[in-house]
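From first to last, the protein sequence lines stand for chains A and B. FYI, the numbering for the first sequence is 2 to 176, going by this note's numbering. FYI, the numbering for the second sequence is 2 to 176, going by this note's numbering.
Note that these hints are calculated values from the structure, not bench results. Mixed in with the good hints there might be a few duds.
Straight-line distance between alpha carbons at most 27 Å, and here's what the computed DSS-like set of lysine-lysine pairs gives [claimed, not checked]:
no.	chain 1	residue 1	chain 2	residue 2
1	B	152	A	92
2	B	152	A	152
3	A	53	A	78
4	B	92	B	48
5	A	162	B	115
6	A	115	B	48
7	B	75	B	48
8	A	162	B	92
9	A	115	B	103
10	B	92	A	156
11	B	156	B	5
12	B	115	A	45
13	A	152	B	103
14	A	48	B	152
15	A	78	A	152
16	A	115	B	45
17	A	103	B	152
18	B	106	B	156
19	B	42	B	75
20	B	115	A	53
21	A	152	B	92
22	A	156	B	5
23	B	53	B	75
24	A	156	B	105
25	A	53	B	92
26	B	162	A	115
27	A	92	A	78
28	A	156	A	53
29	A	115	A	75
30	A	152	B	156
31	A	92	B	75
32	A	92	B	115
33	B	156	A	115
34	B	53	B	156
35	B	5	B	92
36	B	75	B	36
37	A	92	B	162
38	B	36	B	162
39	A	105	A	152
40	A	5	A	45
Protein chains: 2
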Amino acid sequence: MDSKVVVLRYGHRTGRDDRVTTHCCLVARAFGANKIIIIGKEDKGIKESVQKVCNTWGGPFSVEFASSWQEELKRLKQQGFIAVHLTMYGKPIQDIIDNVRKHKKVVVIIGSKKVEIGVYRESDYNVAITKQPHSEIAALAVFLDWYFNGKELNKRFSGAKIILTEKDEKPKKRK
Amino acid sequence: MDSKVVVLRYGHRTGRDDRVTTHCCLVARAFGANKIIIIGKEDKGIKESVQKVCNTWGGPFSVEFASSWQEELKRLKQQGFIAVHLTMYGKPIQDIIDNVRKHKKVVVIIGSKKVEIGVYRESDYNVAITKQPHSEIAALAVFLDWYFNGKELNKRFSGAKIILTEKDEKPKKRK
Chain A
2 MDSKVVVLRY
12 GHRTGRDDRV
22 TTHCCLVARA
32 FGANKIIIIG
42 KEDKGIKESV
52 QKVCNTWGGP
62 FSVEFASSWQ
72 EELKRLKQQG
82 FIAVHLTMYG
92 KPIQDIIDNV
102 RKHKKVVVII
112 GSKKVEIGVY
122 RESDYNVAIT
132 KQPHSEIAAL
142 AVFLDWYFNG
152 KELNKRFSGA
162 KIILTEKDEK
172 PKKRK
Chain B
2 MDSKVVVLRY
12 GHRTGRDDRV
22 TTHCCLVARA
32 FGANKIIIIG
42 KEDKGIKESV
52 QKVCNTWGGP
62 FSVEFASSWQ
72 EELKRLKQQG
82 FIAVHLTMYG
92 KPIQDIIDNV
102 RKHKKVVVII
112 GSKKVEIGVY
122 RESDYNVAIT
132 KQPHSEIAAL
142 AVFLDWYFNG
152 KELNKRFSGA
162 KIILTEKDEK
172 PKKRK
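Same shape as in the complex, but just chain A (with noise of 0.2 Å):
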C-alpha cells in the first residue's frame, strides 16, 4: 500500500452531521487512508475522538478542517493528486475501478445529499458505489476496499497500543 489516499468531506454541518463525519473519519482510517479534510466549521469533539482511536489503535492519520473545498481539491491536485468523487450517478464502480488503481495519489471525495455541480465537473472520475441511494459512509469503505483490492484489511499501523490477533477472538466476559 504505497498509495496516498485523502478523503475530503464536503458539506459538514456542525450538530447534524457530527456522528456520519466521524463514522466516515474511522472508515477513512480503517480502510488506508491517510487523512481526512473536512469542509465546514472546525469541530473539537470529531478531532479528539478521531485522535482517541489513533492513540490506541494507531497511525499515522489526521483530521483537519477547511472552509473552500475547491481550495482544497486544488491545492491537491498541484501535488498531483486525481480527485474521485463519489455518486450513484458515477460510472460504476466495477468498470472504472481497472483505471483509478493506475493513480497512486487519489482524493476522495464524498458528500451529503446537495452536492455542487462543481464538485461532478471538478472530480476526474465520478464513481457509483450501487446506483442506490445509501450513504457515504458504506460508499466510502467500499471504494476504498476496492481500490485497495481487500489488501487494506490487513493493514497494519504504527504505535499501536492495541493490536487484535487470533487470540482476541472471543471476548472476555464484561459486566
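Using the hints, position chain B against chain A.
Same frame as chain A, but now just chain B:
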C-alpha cells in the same frame, strides 16, 4: 442472487441512533439484503423514510422493529438461517468468506459499542471487517459486497420509479 439475507440491528437507541440506523437500513437495501429487523422501540420516522426510498427506487425491502434479539434470532435459525455477527473481534472476512458463502440464508448482526456476550455465542460466525474500530454501516456494506461478490452492485429493484442509467451520469444544473 438467490440468497436471502436479513440484517439484525442490535441496540438501536431512539433519537441518538436514528441517522445511523437509517443509513444501516439503506445500505442493507442497496447491497442486496431483503429485510432489516431493528431491536428497539418502533420508530415511525425511520420506517417512513426507508419506505419513501423503496417507493421511488424499488424493492422489495422491509423494516421491522422487535424487542428481543434472542427471539428473532431463534425464529430465523428455525427457518434455516445461519447467524453472522460483524465484530472486530471476529475472524477476518478474507479468511472466512468462502465458508459463509456456502449458506444461502444468512442473518447479519450489526451492533453498536456494547454488544452482549450472548451475541458472540449465538452467532455461527463472528466476522471482522478489519481488526480496527470504525462503523457498523461500513462493516455491513463491505460484508454484503464480499458475500454477494460484487453482484449486488448491479441489482435490479422491482417497482422502481427511477432507474439510473448511463445517460444519468452527468447531473443537471441545480438551482
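Against the structure, the hints come out as follows:
| no. | hint | result |
| --- | --- | --- |
| 1 | B:152 / A:92 | 16 Å, holds |
| 2 | B:152 / A:152 | 20 Å, holds |
| 3 | A:53 / A:78 | 30 Å, violated |
| 4 | B:92 / B:48 | 33 Å, violated |
| 5 | A:162 / B:115 | 20 Å, holds |
| 6 | A:115 / B:48 | 23 Å, holds |
| 7 | B:75 / B:48 | 24 Å, holds |
| 8 | A:162 / B:92 | 20 Å, holds |
| 9 | A:115 / B:103 | 40 Å, violated |
| 10 | B:92 / A:156 | 15 Å, holds |
| 11 | B:156 / B:5 | 14 Å, holds |
| 12 | B:115 / A:45 | 25 Å, holds |
| 13 | A:152 / B:103 | 23 Å, holds |
| 14 | A:48 / B:152 | 37 Å, violated |
| 15 | A:78 / A:152 | 26 Å, holds |
| 16 | A:115 / B:45 | 25 Å, holds |
| 17 | A:103 / B:152 | 23 Å, holds |
| 18 | B:106 / B:156 | 18 Å, holds |
| 19 | B:42 / B:75 | 20 Å, holds |
| 20 | B:115 / A:53 | 18 Å, holds |
| 21 | A:152 / B:92 | 16 Å, holds |
| 22 | A:156 / B:5 | 32 Å, violated |
| 23 | B:53 / B:75 | 30 Å, violated |
| 24 | A:156 / B:105 | 30 Å, violated |
| 25 | A:53 / B:92 | 25 Å, holds |
| 26 | B:162 / A:115 | 20 Å, holds |
| 27 | A:92 / A:78 | 21 Å, holds |
| 28 | A:156 / A:53 | 19 Å, holds |
| 29 | A:115 / A:75 | 21 Å, holds |
| 30 | A:152 / B:156 | 26 Å, holds |
| 31 | A:92 / B:75 | 41 Å, violated |
| 32 | A:92 / B:115 | 38 Å, violated |
| 33 | B:156 / A:115 | 25 Å, holds |
| 34 | B:53 / B:156 | 19 Å, holds |
| 35 | B:5 / B:92 | 22 Å, holds |
| 36 | B:75 / B:36 | 16 Å, holds |
| 37 | A:92 / B:162 | 20 Å, holds |
| 38 | B:36 / B:162 | 20 Å, holds |
| 39 | A:105 / A:152 | 15 Å, holds |
| 40 | A:5 / A:45 | 25 Å, holds |
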